[in-house]
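Colleague: Chains as they are written, first to last, in the working numbering: chain A, 157 to 702; chain B, 157 to 702.
Hint data in this document are derived by calculation from the structure and do not stem from the laboratory.
Treat each hint with caution, since some may be false.
Copies of the same chain are indistinguishable here, so a pair counts whether it falls within one copy or spans any two.
With a Cα cut of at most 20 Å, we get these calculated DMTMM-like pairs of lysine to aspartate or glutamate [what the hints assert, rightly or not]:
id : residue 1 : residue 2
1  : Lys291    : Glu281
2  : Lys561    : Glu646
3  : Lys597    : Asp581
4  : Lys291    : Glu314
5  : Lys499    : Glu425
6  : Lys499    : Glu183
7  : Lys291    : Asp303
8  : Lys499    : Glu646
9  : Lys642    : Glu656
10 : Lys291    : Glu420
11 : Lys688    : Asp675
Number of protein chains: 2
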Amino acid sequence: MRGLMMEYPLTLQHILQRAYRFFPAQEIATKVGPTMHRYTYAGFYERTYRLANALARLGIRRGDRVATIAWNSYRHLELYFAVPCMGAVLHTLNLRLSPDQLVFIINHAEDKAIFIDQTLLPILEKIAPQLETVKCFVVMGATSAADATLLTTLPCHEGYEQLLAAEEPQFAWPELDENDAAAMCYTSGTTGNPKGVLYSHRAIFLHSIGECMADTLAVSQSDTIMPVVPMFHANAWGLPFSMTLAGARQVYPGPHLHPRDLAELIQAERVTVAAGVPTLWLGLLALLESERYDLSSIREMVVGGAAAPQSMIERFAREHGLHILHAWGMTETSPLGTVAGIKYYMQDWPEEKQFAVRAKQGLAVPMVDVRGLDEDGQEIPWDGKTQGELLVRGPWVTAGYYHDKRGGAAFVDGWFRTGDVVTIDADGYMQIVDRTKDLIKSGWEWISSVALENAIMTHPRVAEAAVIAVPHPRWQERPLAVVTPKPNLEPPLTKAEIYEDLAQKFPKWELPDDIVFVDAIPKTSVGKFDKKVIRQQFAEYRLPTV
Amino acid sequence: MRGLMMEYPLTLQHILQRAYRFFPAQEIATKVGPTMHRYTYAGFYERTYRLANALARLGIRRGDRVATIAWNSYRHLELYFAVPCMGAVLHTLNLRLSPDQLVFIINHAEDKAIFIDQTLLPILEKIAPQLETVKCFVVMGATSAADATLLTTLPCHEGYEQLLAAEEPQFAWPELDENDAAAMCYTSGTTGNPKGVLYSHRAIFLHSIGECMADTLAVSQSDTIMPVVPMFHANAWGLPFSMTLAGARQVYPGPHLHPRDLAELIQAERVTVAAGVPTLWLGLLALLESERYDLSSIREMVVGGAAAPQSMIERFAREHGLHILHAWGMTETSPLGTVAGIKYYMQDWPEEKQFAVRAKQGLAVPMVDVRGLDEDGQEIPWDGKTQGELLVRGPWVTAGYYHDKRGGAAFVDGWFRTGDVVTIDADGYMQIVDRTKDLIKSGWEWISSVALENAIMTHPRVAEAAVIAVPHPRWQERPLAVVTPKPNLEPPLTKAEIYEDLAQKFPKWELPDDIVFVDAIPKTSVGKFDKKVIRQQFAEYRLPTV
Numbered sequence: 157m158r159g160l161m162m163e164y165p166l167t168l169q170h171i172l173q174r175a176y177r178f179f180p181a182q183e184i185a186t187k188v189g190p191t192m193h194r195y196t197y198a199g200f201y202e203r204t205y206r207l208a209n210a211l212a213r214l215g216i217r218r219g220d221r222v223a224t225i226a227w228n229s230y231r232h233l234e235l236y237f238a239v240p241c242m243g244a245v246l247h248t249l250n251l252r253l254s255p256d257q258l259v260f261i262i263n264h265a266e267d268k269a270i271f272i273d274q275t276l277l278p279i280l281e282k283i284a285p286q287l288e289t290v291k292c293f294v295v296m297g298a299t300s301a302a303d304a305t306l307l308t309t310l311p312c313h314e315g316y317e318q319l320l321a322a323e324e325p326q327f328a329w330p331e332l333d334e335n336d337a338a339a340m341c342y343t344s345g346t347t348g349n350p351k352g353v354l355y356s357h358r359a360i361f362l363h364s365i366g367e368c369m370a371d372t373l374a375v376s377q378s379d380t381i382m383p384v385v386p387m388f389h390a391n392a393w394g395l396p397f398s399m400t401l402a403g404a405r406q407v408y409p410g411p412h413l414h415p416r417d418l419a420e421l422i423q424a425e426r427v428t429v430a431a432g433v434p435t436l437w438l439g440l441l442a443l444l445e446s447e448r449y450d451l452s453s454i455r456e457m458v459v460g461g462a463a464a465p466q467s468m469i470e471r472f473a474r475e476h477g478l479h480i481l482h483a484w485g486m487t488e489t490s491p492l493g494t495v496a497g498i499k500y501y502m503q504d505w506p507e508e509k510q511f512a513v514r515a516k517q518g519l520a521v522p523m524v525d526v527r528g529l530d531e532d533g534q535e536i537p538w539d540g541k542t543q544g545e546l547l548v549r550g551p552w553v554t555a556g557y558y559h560d561k562r563g564g565a566a567f568v569d570g571w572f573r574t575g576d577v578v579t580i581d582a583d584g585y586m587q588i589v590d591r592t593k594d595l596i597k598s599g600w601e602w603i604s605s606v607a608l609e610n611a612i613m614t615h616p617r618v619a620e621a622a623v624i625a626v627p628h629p630r631w632q633e634r635p636l637a638v639v640t641p642k643p644n645l646e647p648p649l650t651k652a653e654i655y656e657d658l659a660q661k662f663p664k665w666e667l668p669d670d671i672v673f674v675d676a677i678p679k680t681s682v683g684k685f686d687k688k689v690i691r692q693q694f695a696e697y698r699l700p701t702v
Numbered sequence: 157m158r159g160l161m162m163e164y165p166l167t168l169q170h171i172l173q174r175a176y177r178f179f180p181a182q183e184i185a186t187k188v189g190p191t192m193h194r195y196t197y198a199g200f201y202e203r204t205y206r207l208a209n210a211l212a213r214l215g216i217r218r219g220d221r222v223a224t225i226a227w228n229s230y231r232h233l234e235l236y237f238a239v240p241c242m243g244a245v246l247h248t249l250n251l252r253l254s255p256d257q258l259v260f261i262i263n264h265a266e267d268k269a270i271f272i273d274q275t276l277l278p279i280l281e282k283i284a285p286q287l288e289t290v291k292c293f294v295v296m297g298a299t300s301a302a303d304a305t306l307l308t309t310l311p312c313h314e315g316y317e318q319l320l321a322a323e324e325p326q327f328a329w330p331e332l333d334e335n336d337a338a339a340m341c342y343t344s345g346t347t348g349n350p351k352g353v354l355y356s357h358r359a360i361f362l363h364s365i366g367e368c369m370a371d372t373l374a375v376s377q378s379d380t381i382m383p384v385v386p387m388f389h390a391n392a393w394g395l396p397f398s399m400t401l402a403g404a405r406q407v408y409p410g411p412h413l414h415p416r417d418l419a420e421l422i423q424a425e426r427v428t429v430a431a432g433v434p435t436l437w438l439g440l441l442a443l444l445e446s447e448r449y450d451l452s453s454i455r456e457m458v459v460g461g462a463a464a465p466q467s468m469i470e471r472f473a474r475e476h477g478l479h480i481l482h483a484w485g486m487t488e489t490s491p492l493g494t495v496a497g498i499k500y501y502m503q504d505w506p507e508e509k510q511f512a513v514r515a516k517q518g519l520a521v522p523m524v525d526v527r528g529l530d531e532d533g534q535e536i537p538w539d540g541k542t543q544g545e546l547l548v549r550g551p552w553v554t555a556g557y558y559h560d561k562r563g564g565a566a567f568v569d570g571w572f573r574t575g576d577v578v579t580i581d582a583d584g585y586m587q588i589v590d591r592t593k594d595l596i597k598s599g600w601e602w603i604s605s606v607a608l609e610n611a612i613m614t615h616p617r618v619a620e621a622a623v624i625a626v627p628h629p630r631w632q633e634r635p636l637a638v639v640t641p642k643p644n645l646e647p648p649l650t651k652a653e654i655y656e657d658l659a660q661k662f663p664k665w666e667l668p669d670d671i672v673f674v675d676a677i678p679k680t681s682v683g684k685f686d687k688k689v690i691r692q693q694f695a696e697y698r699l700p701t702v
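Here chain A stands alone, though its shape is the one from the complex:
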């Protein structure tokens, strides 16, 4: 027997309309050069309608992919809503990818149009001639004389502001099905070509509601939220959608992502929630050692994309009174999967024990199911010890990759295989101990590179550390630590200091066979340690223990 409730589709149209009706005066602020661009939800709403008309006039039809190459800004937000609400598919391109990867992705997605920040036009120069499906390029921001040569080579180009100015601020949105595609994002694996994840309206809608729940991110109309995580990285963790749904004040940093930019923005805009990868916050932590900012407006600094070292969580709390909220997710999971909030019965626990909980990746958020499978395909017990690959399931988890046959191996019995090796403790907190491919196999034992990295990064004189597996004739693999010392140390950091520290925390056989100091650790386009590149750099390296 069916229920007798309304068939009300969960689409982004509801979010846009609600934002305008209930929060027309709420502000959206974007850092543009040395100043701030500010307007209200009402202004955003009107321009989004104009943009939808412009898209229609450019020939964009339902289901067409519209790509963006852009920083976090109000214009990008307009595209976030106009494109899906008119029935097309928003395709955010990672501007840090190589030209080859971008060409592959754009052609594979068959993007019809590309909206690009003027400052990013040099990217186009390298790829435009190879794009097979793009009919039109729209430039956001005033073009300069230097751009003229490039622009003449394009099949069609428009200025974003001129385009909007020519349109009416009304648009009759089509009726959408909640399962219609709304957005897509390619994820670059460690091998092969990037794979496309295709988000539905329903997935993004439920994910937005999920982020507003009291025990997840509690996104509220009383918040001022700054997504530092790029809008081309899993939709800036869905925050532009959940902020708009809640009616929160929005702050976009544009391309200004240096620790000083962020500290200044938090201070000036009274940001309550900021979200980004650990390296960003490690940078901020370093800055706060020498400069003072009033960051007291912060209620939560959300950290995801890579594991937050416990030492970082502790230092922000103890030295600056700032609360880090550790979360985990993937492009394939929209991305919110787990959040490491403290449970009711832990509130009286000693601080030290609470930090240990908060350094885990956390509890599965409502609507997401998690489990761990061991190598025999058996579900691991929730004992905090047994390791297994994390599997997830839920309405905002991908069911496959766009036009890609490699999808099959990523699923088992309707669950998505994350490739993360985890434990789940009796309280339900998931902890990533490694990526399946980053575990170090030493003899019959596994060594967690993540555990070693986190431990080394707790050393007060270490800035960053990555640990990789290096082939070893006797043990198969052994760990090598690549470490960046803090700047201007006197006396310089020594291996012995680090070993002394590690020896207290790990059995002897788990210690790295060597420690190498480098100026900087290679990172991926989204700020994670790029193990692939580090391995290449040390391909010829010979361990002293061989």
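With the hints as your guide, set chain B onto chain A.
Modeller: Only chain B this time, still in chain A's reference frame:
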């Protein structure tokens, strides 16, 4: 183009499983006689599984309706989950209805089984012989010798505890579609037979998530929540579902609903959120004048089902430091429709102005659309003045009534007509000025009975007040106020006092033509003023102004 996300159905099975996996040690406490029954989510989970097996053995199949006649308790909660999760439909019966109404409802819904509290068996006595479809009765609580005669007349009867004890604590839940029916509840209109609202899993699931959002009720695992609103009244406003989803501590008052019971429970159990109709809280307010309780654990007292007088909101705040959260909903809307939280830009407003906002019914919660239509079918402006009938739309709003042709008139263009006359102000706050049928038509003007009632109830010597329309030869209708003075007043309350007060707030023509003092104002089964009965009582009444 379709999105490529998992088809993950939003069903109550997810809520049940999640509660067990993440909050097995969380407590559910029920007042049973002079003591408390306590167990954990793990215990609840196990018994719910046993109950599902018992239902199957009693012959309950998918889509079958299983009725309850019960107070708020852990056993009722078990039914809330076992019945829908095994694919059947939970049908909560309002135990305060007349025998005739109950017989109609049970036969109309074709209930297969009835689960009834032992203390409520006298209800069965009057209706059992007329029930056409019920195959079995299950009694919750130990039966007494006095029950024996009744029980022998039933076609089949079982004891709830014996039933559970005989079953296994495992059950293979069927795969459900999220649009499958999960629960039903009949609403008694002012005319004709009650009408059935049939909730789907999807509707209840989304409603549960909706109640956990930071800007609605913010239901959290760190809360202790006591639904005083009956579990047969729009699913206790959905709280048993949202509490379980969040992993909150649950407190059920059983049949103990006197102000002293509630004050004692809040104090002893450290309740953070309590929910009920205004008359309950008015009773508590009166109690607090003479007795002292520590109610400091409360973060929110949710009031709905009828308008909360502003004076009550103010008095709780000023005299007791307690925060009332005003909400609006109907059986047809699952029920949460609006919540009167304060917006970010109102936080610095003078207290008086904030109280005025909080006395409105509030902002539509996410996923619910609201609009007002005037008599010409035109949408009213959001100016806080123009009145219109409230229309709502959303995934948890009913699309019709169960096997009932009267449904058609309740809808217009896919919107549900609430019958409430409202204004919506520029901030988006909806305020009920009256029911369509409770407005008083005086000459060419409308008078709001609700506004008069609220004003009279602000008088410090008035306990309760209802205002009805009385026929008038010249003006068509004129208002009559029916007032209950506070007990033991010296000197007694006079009409003149009330008129003096009202004259400062209303134009002369809006003042009641008379004020009548009564010992008690008739109330409906869910605690609202029963205007129908009051009108009957005063059917022969002749206004002094005629």
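Colleague: Are there hints from earlier that the structure breaks, and if so, what are their numbers?
Modeller: 2, 3, 8 and 10
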